[in-house]
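Modelling step: build the complete structure from the supplied sequences, incorporating the hints.
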Amino acid sequence: MTFKEALSSSVGRKLVMALSGIFLILFLVVHAGINACIWAMDGGVMFNKAAHFMGSTVLIRILEVGLFVFFFVHIIQGLQLEAYNRSKRGTSYAVDYGNRGSKWYSRSMGLLGTIILIFLIVHWVHFWIPSRFTGTPMTMIDGKEHHDMFVLMQETFKHLWVVILYVLACISLCYHLMHGFQSAFRTIGVHNKRYNALLTT
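Under numbering that gives the first Met the number 0, the first residue of the sequence shown is numbered 0, with each subsequent residue one higher.
It should be emphasised that the hints constitute simulated quantities derived from the structure, not laboratory data.
Be careful, since some hints might not be right.
As the list claims (entries may be wrong) - Derived DEER-like restraints, expressed as beta-carbon distance ranges: (1) K87 - C173: 37 to 47 Å; (2) R85 - Q153: 40 to 50 Å; (3) L62 - L164: 24 to 34 Å; (4) I74 - V29: 13 to 23 Å; (5) D41 - R85: 18 to 28 Å.
What the hints assert, rightly or not - Subject to a maximum C-alpha distance of 25 Å in a straight line, what follows is the list of computed SDA-like cross-link-like pairs (lysine to any residue): (6) K102 - I24; (7) K13 - I33; (8) K48 - L176; (9) K13 - I74; (10) K143 - G42; (11) K87 - W103; (12) K13 - T56; (13) K13 - H178; (14) K13 - W127.
Don't be surprised by glycine CBs; every beta carbon is placed ideally from N, CA and C.
In structure tokens form, the structure reads like this:
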């Protein structure tokens with residue numbers, strides 16, 4: 000079996016999904032940490048500093064390219080796995096281990112992923128594209144000009160539909176991770192009674 004054939008197999012696709020998913024989870028932790036700065040009660044200074052650091056550091060900008068690659072790979076592999084699973088559902092099995100006792104969200108990863116993808120596109124339009132290309136409000140911090148992402152965030156969330164979409168996306172992401180996190184580690188071989196409780200917490 001060639002490397003290409005291995006990656007295109009069901010196991011190979013799941014492995015790619017797992018590895019790309021773990022990378023995206025690490026990014027999510029960092030992103031959530033930066034977003035937590037909005038609660039610093041300092042008028043957005045800490046949040047804008049953190050956003051400026053992420054947007055102006057060369058290494059992080061390079062990693063950003065990798066992030067988009069992993070997003071693309073994760074989405075494509077997810078769509079392919081969803082199509083593959085749909086094609087197999089018409090096949091009879093003596094015992095359907097895949098569905099017996101499974102949670103609704105583990106059977107709805109395609110739907111949850113689609114909601115998250117729509118949210119990501121809207122999120123990029125609201126924040127990433129303005130900060131990189133179309134421009135944002137500016138502010139002075141420590142004598143240096145920064146993108147005022149805090150003001151942009153306040154203006155964006157004045158719209159009710161945006162708030163509803165973000166809440167729906169966060170709920171979808173929560174359920175997506177509840178299944179995806181433990182599934183990813185099982186795929187790469189981390190499946191032990193000592194760790195299973197931690198991975199499902």
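Here is how each hint holds up against the structure:
1. For K87 and C173, the Cβ-Cβ distance of about 27 Å falls outside the hinted range of 37 to 47 Å, so the restraint is violated.
2. Look at R85 against Q153: about 42 Å separates their beta carbons, and that is inside 40 to 50 Å.
3. Between L62 and L164 the Cβ separation comes to about 27 Å, which falls inside the hinted range of 24 to 34 Å.
4. Separated by about 20 Å at the C-beta atoms, I74 and V29 satisfy the suggested range of 13 to 23 Å.
5. In this structure the hint that D41 and R85 lie 18 to 28 Å apart at CB is violated, the actual value being about 50 Å.
6. For the proposed pair K102 and I24, the alpha carbon gap of about 21 Å is at most 25 Å, so the pair holds.
7. Taking the CA atoms of K13 and I33, the gap is about 30 Å. The hint is violated against a cut of 25 Å.
8. Annotation: proposed proximity of K48 to L176 is violated, straight-line Cα distance about 29 Å (limit 25 Å).
9. With a C-alpha separation of about 12 Å, the suggested pairing of K13 with I74 holds against the 25 Å cut-off.
10. Distance check on the hinted pair: K143 and G42 sit about 16 Å apart at the alpha-carbon level, within 25 Å; holds.
11. Of the supplied pair hints, the one linking K87 and W103 holds, its CA atoms being roughly 18 Å apart against a limit of 25 Å.
12. Taking the CA atoms of K13 and T56, the gap is near 33 Å; set against the 25 Å cutoff, the hint is violated.
13. Proposed proximity of K13 and H178 is supported: the alpha carbons are some 13 Å apart, at most 25 Å.
14. About 29 Å separates the Cα atoms of K13 and W127, which puts this hinted pair outside 25 Å; it is violated.
Against the hints set out earlier in the document, violations occur for numbers 1, 5, 7, 8, 12, 14.
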